[in-house]
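Visitor: Note that the protein sequences, when read in sequence, are chains X and Z.
With our numbering applied, the first sequence covers 1 to 130.
With our numbering applied, the second sequence covers 1 to 177.
If you are wondering where the hints come from, they were derived from the structure by calculation, not from laboratory data.
Please read these numbers as outputs of a predicted model, since none were measured by experiment.
In silico lysine-lysine, DSBU-like type, Cα no more than 35 Å apart, as pairs:
#	chain 1	residue 1	chain 2	residue 2
1	X	K49	Z	K126
2	Z	K126	X	K109
3	Z	K102	X	K8
4	X	K109	X	K49
Sample of chain Z residues with no beta-carbon within 10 Å of chain X, all distances over it, derived:
#	residue
5	D3
6	S4
7	L13
8	M16
9	L20
10	V22
11	V27
12	M30
13	I31
14	G67
15	V72
16	L91
17	T94
18	V162
Idealized CB from N, CA, C, for every residue including glycine.
Given next are the chains, with one letter for each unit.
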Amino acid sequence: MSRRFIHKTDAVVILLAAALAAAGWLLYSGAPDGGMARAEIYFDGRLIKVVDLSEGGASVFSIPGAPAVVIRSDGGGILFESSDCPDQVCVHTGRISRPGAFAACLPNKALIQIVAADVSNVDEPDVIVR
Amino acid sequence: MSDSGRLARRVALDGMLFALAVVMSVVDGMIPVPVPGVRLGLSNIAVMYALFFVGRRDALTLAALKGLFAFVTRGVTAGAMSLSGGLLSVLVMTLLTVVFGKRVSYTMLSVAGALAHNAGQMIVVKFIYSSLTLSAFAPVLVISGIAAGVATAAILRAFLPVAKRFGEDWLDKNFPE
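Just need the whole structure built from these sequences, with the hints factored in.
Guide: As structure tokens, then:
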């Protein structure tokens, strides 16, 4: 007996898995847009900057540890404007705005991650008692 | 066939497969894909061929060589991602063939291998960016993994009649000691 190229059950299993993933993707895409979100910018694993996307102001800045990496936020969204990396995956990712979305420049160890405004990766006190 | 003769042929075959994998990964980079950072994984065809028609050791060797090549040409991060994805992919495909034997199809193996490759790469990404939440990206990885797995299986299938001839049997027949 030699190995088959595909079985009928394989097609079913594969299509089912793809459908599940597509459903997950649609569910995520239906999530609210960047109105109440902020962008966390990481370099070399450390959080170096937080941009509040709900404020609406535009800004362009580069990462201190990697000056060739230029990031632009336009109020509501953020993107890698340019980078000196060879693959340019970060630039091609384009503008991101939804919580959960991220853009990464692996060669430069730079990462932008969108988080919902009420979720925090930052160590800050929840309540300050006077 | 002496042991040293067999070893020499095997080294030569693995070397050719590695060269093929390198060329395929260059071609892979030229193919436009709708999602940034996602690739078809054409060079895995060489790894799958090694796993199915040459031997497990050879497939593992190819995955390790691919990782080393990525490390030399594209840096530590790319090397670690290639190595992690490649090794996990070979391990998962090997496990499936050990457990299910010939009953598991090429397409299933290829899809499982592609998904494992993505998972292995994401382990490295998660290691570098520990704060990154990958759950929103997971569906994209699953869909692209399935698409890439089906595509590479189809290409392997197209080359199967030729490929089978160049395995150990072909070497035994054409290059006897």
